[in-house]
Amino acid sequence: MAQAVHIVVCAGIVPDPLQTLEPVTGPTGPGLKNEMVLPAVLDPWAASALYEAGALAAKNPGSKVWLVSLGPKAKLQQVMMTVAQKVSFELVPVEGPIGGFPDAHSTAAVLTEAIEAIAGLDRSKCLLFGGWESASRGAGVTLQLIGERLGITEQFQGVDQIDLREDGSFEVLERVEGGKHQVSVCSTTPAVLGWATGNLAEPRNNPQVGMANMRTIMPALAKANVAKLEANGLRYISASQPKQQRETRVEKNMTPDEIAAELAAWIGAE
Amino acid sequence: MESILVLTHVDETGSALSKASLEAVTAGKELAAQLSATLAIGIIGSASALNAVAATGARLLAVESEAFTQARYSSDAAAAEALCRTAQASIVIAPSSSRFSRIAAGVAHRLGGFIDTHITALSGASGIEATRWFYRQRIEAVVSRDTRPWFLLVDAGTQIAYAGEAAAASVEQVVVEAPRSRTTVTGVRAPEQGQQTIRPDAKMLFVAGAGWTKKQPDGQIHTAEAAELIMGFLKSASASLGSSKSLVDQGGEGNSVLPFLTHMNQIGQTGATPRHAKGLSTCCHGEEPHVVGWRFIGDRRAISLDPNCGWTRGKADVVYIADAFAVTAKLNALLQASKS
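So the protein lines, in turn, are chains A and B.
Position one of the first sequence corresponds to residue 1 (the numbering used here), numbered consecutively onward.
Position one of the second sequence corresponds to residue 1001 (the numbering used here), numbered consecutively onward.
No wet-lab data here; the hints were simulated from the structure.
Predicted, not measured: the structure shown is a model, and the values here were computed from it.
For every residue, glycine included, the Cβ atom is placed at its ideal position computed from N, Cα and C.
Be aware that one or more of the hints could be misleading.
[Said to hold, decoys possible] The calculated DSS-like cross-link candidates involving lysine-lysine, where the alpha carbons are at most 27 angstroms apart (straight line), are:
(1) K243/A <-> K1203/B
(2) K1278/B <-> K243/A
(3) K180/A <-> K1215/B
(4) K180/A <-> K1235/B
(5) K1214/B <-> K1235/B
(6) K1339/B <-> K1235/B
(7) K252/A <-> K1215/B
[Claimed, not checked] The following label-pair restraints were derived from C-beta to C-beta distances:
(8) Q1220/B <-> L18/A: 29 to 39 angstroms
(9) D1146/B <-> G151/A: 26 to 36 angstroms
(10) R235/A <-> G1164/B: 31 to 41 angstroms
(11) N34/A <-> G1164/B: 32 to 42 angstroms
(12) E1228/B <-> E116/A: 27 to 37 angstroms
Could you build all of it, start to finish, from the sequences and the hints given here?
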């Protein structure tokens, strides 16, 4: 018999990766130039976690997915217009600053409070999902910290696969060095899973799912609590773009033989 | 005065320190010297592995009972917490290995401390300053913290591995009660395709883009030939294989795919940012989401049919406007001839 699980997905929003990012320093530290007008997307690895959560919930009747996200309401609403069409979930929004520069410990504290306040969440059945790193801060620590705060001591990072078994145990594949996976079996929930890419393609947009989700998303956004993030002693000495513009030599008229010879010499050179 | 603890673990042999651990030892030793701080080195695993760092003169600590051999959260976090408490560390340096990346934040929280990860440089010249990247290697920042304990996870490949004379080390055993764990590590699995194409220690990174599985001038797709050429290059040049997201994603969309590629090969915004001395990109457009994964590649060359591709705009050192099928076939022949 399938196991019903309660899956909480923590997912931030990040600037669309095609945008140019330029750091600026404000009164509270660094941020991005024109941050509020940059198009945003759901963090890619967290999106993998959401898609995996949706697939897992669909395979296990009685399961439910919550999406917990911290960010400015307007940005959350914009991103949800797309994300809501992919997977059925209930949004738990928290209004707060966007971006990679706030301290992860503060973010974790805020998200933990939001999770603890979820009505109907059975923490004994909980799988806490998220990206193993974000495309903003990219520290890979927020999910762990939330897990610790919630008292969950079975944690996995760089997850590409979970197989939930009928007895309630599950097998997890975590990325380790050298392109390999560590295989673990956890006897029961709860657990924390920080996802890498997983194995699922991005689900197609389903307007019916979107309409059902939006019925709860808009009221949730209207009621979102406002969070203030503490710096926790974190100070930024500098933040700058790398100066890595290269003087590119473009070869348009070399034959394959000439290119191969040049590359072979280049590869062989120390 | 700061008290620095370097956390280490053994490699897959179970008896020697991992290379990333030895790099963390270098970082800790240098920072301790700059700050006139005390230095301790702790290990989860075989205490005898610390013989390799006996010459550092550091205090050496170990948690090595059977219950702590598996790389899992509950037991590793308990062991690391005990090592930190025993050392009374104000600064904890550890490698950004999969084993310590899994637990370090949790341990920092248990100790009332804070953590910063993916550190690429450390300086103690005017207080402790740590350099790391934000937004997937697109913004570099230097940070500091007043709060302690401060955990710093150092990225692999950013330090020289410590290589002092090995000696019989005097190691203090730290006794930890094994926590109840619901997790059992059952093994390690290589990608299903069977051929290991990810080689972090390789000098050369070869990146395959989606063009390899697109229609060629004859109007046909030549996936099998592409696979053979790419594998041939990897063998001849002892290279590691990376891929663009679009090429890997084709597998999930039912398209013709290269049989040895997995998401673990992915380089870029949603993939890895490996460190190799040289990188050769083929059949890839070189736009920003992909190129952020090349931040730590030294010499970069690309083969592309598109003279306006991203690589030509200051992102590669040399771009050859050519057919990667033809060039790679010739290149493989040359590399194989030079080997024999």
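C-beta pair N34/A, G1164/B: status relative to the range 32 to 42 angstroms that was hinted: Given about 50 angstroms between the Cβ atoms, the range is violated.
Distance restraint between K243/A and K1203/B, which requires alpha-carbon spacing of 27 angstroms or less: holds (23 angstroms)
Satisfaction of hint between K1215/B and K180/A, Cα-Cα up to 27 angstroms: Roughly 32 angstroms separates the two Cα atoms, so the pair is violated.
Given hint K1215/B paired with K252/A - CA-CA distance at most 27 angstroms: Since the Cα atoms of K252/A and K1215/B sit roughly 21 angstroms apart, the hinted pair holds (cutoff 27 angstroms).
Consistency of beta-carbon spacing, E116/A to E1228/B, with hint 27 to 37 angstroms: About 55 angstroms separates the Cβ atoms of E1228/B and E116/A, which means 27 to 37 angstroms is violated.
K180/A paired with K1235/B [C-alpha distance capped at 27 angstroms]: holds (19 angstroms)
Distance restraint between K1214/B and K1235/B, which requires alpha-carbon spacing of 27 angstroms or less: holds (24 angstroms)
Cβ separation of D1146/B and G151/A, checked against the hinted range 26 to 36 angstroms: holds (28 angstroms)
Hint consistency between K1278/B and K243/A [alpha-carbon to alpha-carbon, up to 27 angstroms]: Holds: K1278/B and K243/A sit about 19 angstroms apart, inside 27 angstroms.
Range hint 29 to 39 angstroms (beta carbons of Q1220/B and L18/A) holds or violated: holds (32 angstroms)
Cβ distance range 31 to 41 angstroms for R235/A and G1164/B, holds or violated: holds (34 angstroms)
27 angstroms Cα cutoff - pair K1339/B, K1235/B: holds (11 angstroms)
Checked against the numbered hints given earlier, the structure breaks hints 3, 11 and 12 and satisfies all the rest.
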